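For the protein sequence lines, the chains are A and B, in the order given.
Taken in order, the first sequence gives residues 1 to 275; the numbers are from our numbering.
Taken in order, the second sequence gives residues 1 to 571; the numbers are from our numbering.
These aren't lab readings, by the way, just hints derived from the structure by calculation.
Some hints could be false.
[Stated by the list, open to error] Derived list of chain A stretches under chain B, where covered just means 3 residues or more per stretch with a C-beta under 8 Å from a C-beta of chain B:
#, region
1, 89-96
2, 171-183
[Said to hold, decoys possible] Dumping the calculated SDA-like pairs for lysine to any residue here, alpha-carbon to alpha-carbon at most 20 Å:
#, chain 1, residue 1, chain 2, residue 2
3, B, Lys79, A, Gly219
4, A, Lys89, B, Arg530
5, A, Lys89, B, Leu278
Computed from a prediction, not measured in an experiment: that's the story for all the values here.
Every residue, glycine too, gets a C-beta built ideally from N, C-alpha and C.
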Amino acid sequence: MMISRLLHIFQNTPLGRETLLQAAYFTKKLRASLTIYIPRHIKFLMYFDNDVVQVDLDHSYLVSPDTAHDHAVEIAREAGVEPSFIEPKHFTASALPDIPTDFDYMICPRSISNLSSKLGLGYIGPKVQSIINTANFPVLIASHVYKPWKNIVVFFGGSANAFNALKLGFLIQNITNFPLTLFTYAETSFEAYQKEIADQGVEDELGLRVEDWQFFESGNLTDYLYNVPHDALVILGAFNHGLIRDIMFGNKLEKIQTSITNNLLIVGSRYSAVG
Amino acid sequence: MKPWIYPAQWALFKMDDRLLMMFIGAIVGTCSGFAAVVLNHSLLFLLEWLSQWRQHWWAFILPAIGAALSSLFLEKVVKEGAGHGVPEVIYSVSRYGGLLRLRSTFSRLVSSCLTIGSGGSAGPEAPVVMSGSAIGSNIARFFSLNDRQRVTLVGCGAAGAISSIFNAPIAGIVFTVEVILGEWTALNIIPIAIAAVAGTEISRALQGNQIVFSHKVFAIDMGDIIASIGVAVFTAAAAILLTHGLRSMHKISGKVRAPMWIRAAIGGSMVGIIGLSLPVVLGEGYHSVHTMIEGNFSSGLAFVAIACLAKIIATSLTLGWGGSGGIFAPCLVIGSLVGLAYHRALSMLWPSADWVNEGCFALLGMAGLISGMLQAPLTGIFLIVEITGGYAVILPLIMVSAISATLCHYIEPSSFYLKELVDRGHLLRPGTDARVLSDLSIKELLETDCVCVSQNMSLRDFVKIVENSRRNYYPVENDETGEFVGMLHLDDIRPYLFNRMLYDAVLVGQIMNPHVATVLPDEDLSKILRKMDSQRLFSMPVVVNNRFVGMISKATLLDKYRKELMVQTSF
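All chains, full assembly: derive it from the sequences and hints.
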């Protein structure tokens, strides 16, 4: 079986250390390989199948470039993972490298939100959102501090992306053997969800891998999120509501991110690695 | 998503995707045409608005302010690198199926308007090409078209833009296939032609149908045709000088430890200082070209020669120090100055000879410089014929373009647009070996049906595995760590195979080859092939973080290579 690879953009700061530790833990649990990119430029391009995304980093990604490589190796090895590094081979412009996109996962840090960070990595702002929507790999939004997860929670709402998230949950459960719980913030009846699951042909696997299915028919989103175990890896499908609706009513992903501190693995519509 | 978003699903276009490309090509051409007209009008407005201050001594700071604002806009607002953009379009077509950023649809329009409108020596054509190509690319993305269709639409955008800005549809088509795409096929030429027509029609509807540089009829005789060889030589020299000037200025400015916008301002102020005494170097310079072609440029030979040199320096300063714009318009100005200077030198040497009007030589000079600079003789010929309406001069035009392009190619094997891409190995034209290899990834060539064996496995157990397997190579892994430790080929066990006594005594780890050359999943295929050839290997293991992930073999590579080549050359 092809070893899956996780892309990590290294930030040589205390926050970056926490994110790298989280990346190392994730790769260790999934028996994946950790690939690190140490940025030398403030921006880079990611060419996907049908789109190109420019990622604009904040200046903290470029601090202490002399020690970045050694720090990254030290942190990863400490966590029991041997990292590999990528050096951009192609440049769209002299200061604009192209980063490969043939990865299975990508990790993005979760920074304290401020308006300036909305344009960069570290916030489920437009940039990370566009990576999620365009990439054929899921994006792991790490918790603020290194936080090993011991169980898996899938937010399942019945959409196509939610089914992708569910299948990814099955895959991770299969590799890690951690208990898998389904969370549903009900918009329709339990029977309707069961029927959809049967239609998608995942009924058997659901019975085999899901330990518990928590079904919330009343209460608000915060109550629902309060029940998520603090040490769970939360897998969820991206919500595509469009920019206007996001601006008017806020982004659901942002609400979830600000409400729970768990590691979030977000699956976009182009994710097709499983199922 | 609603079905209407995907025209490919419309019944009309399901019959033949060429109809779809023609339909979307017309949309792209129209949008590019609009972009060109908008830039043209914005430039005229800015030039006119700033003209009231041009006569002041401090007017030299105007190009500095324009270049600085242009750089700030590109760097801080849209966060895009500087440059005119044509190499970026070619790079994207070569390597990423024409994917271009959405912001590129407008970024260069704004930045080049600031640079040129304030007096910087650059042209609006390349930014408009960038914008048109990005429009094509993003329309293709919106409609979820495939790579081949997207590249065609990028070409449509470029063709629409050039056609619109010069009111020259044939030049738009020729420039696209000769410079941007590097190929023309029955499938892409029709949408590109339609886009060129759409772009031209938009320009004619909004700006009127006029020849950009109209002139009187030239009566050319054999003496003029022979003399035009000299124009080709001098324009080739000017093209080389301009190419070197641009590169050296870029290198010099790169060494200055200052923010990009400061560097752009320095370059702009130097252009402004030159412009105080030689206003001909400022802006796009079309007015000067018009005067020269009409034969009304009154200054003497020395002034023309100095102006030519000054324009080369001003263009190098503007673009090399961070201003935004293209080289088309400066090439037209420099080319016409070279032609004019050459004509005056001829008239001085042979005053009794009956030379054609100097405007004709200015026109030939433009063709020579464009052809030499872009190493695209057809673009030079058709552009000049269309923008001057000068079909009468077609014979010397062809000769000058061909000779200039050949001479430039001899001295500089790659054109100004392609030099950097060729140096970095990024120019991958369709159907070439490099392009086919770059379009294949190790992931799709990977053979994962290999049977991994343990290094502590006995030969007896290994033979049992071989009995049930069809492969010749077996990766060997460490029992405890799962790390890849070597390879075992069937040839390696042959000496022990017929001696059953050894079956339990010999372990796989003892007879495997631990010094195997491995490859990484992100390695270039051309590099891997070279490695295979030099070490006479037919297959190699792919290893990530000391873990075996699969094999890559020449047989699979050849199979996929043929399929990819057929895809690239089948239309």
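Going down the list of hints, with the structure as the test:
{"no.": "1", "hint": "89-96", "verdict": "holds (count 8)"}
{"no.": "2", "hint": "171-183", "verdict": "violated (count 0)"}
{"no.": "3", "hint": "B:Lys79 - A:Gly219", "verdict": "violated (44 Å)"}
{"no.": "4", "hint": "A:Lys89 - B:Arg530", "verdict": "holds (18 Å)"}
{"no.": "5", "hint": "A:Lys89 - B:Leu278", "verdict": "violated (44 Å)"}
Hint compliance for this structure: hints 2, 3, 5 are not met, and every other hint is.
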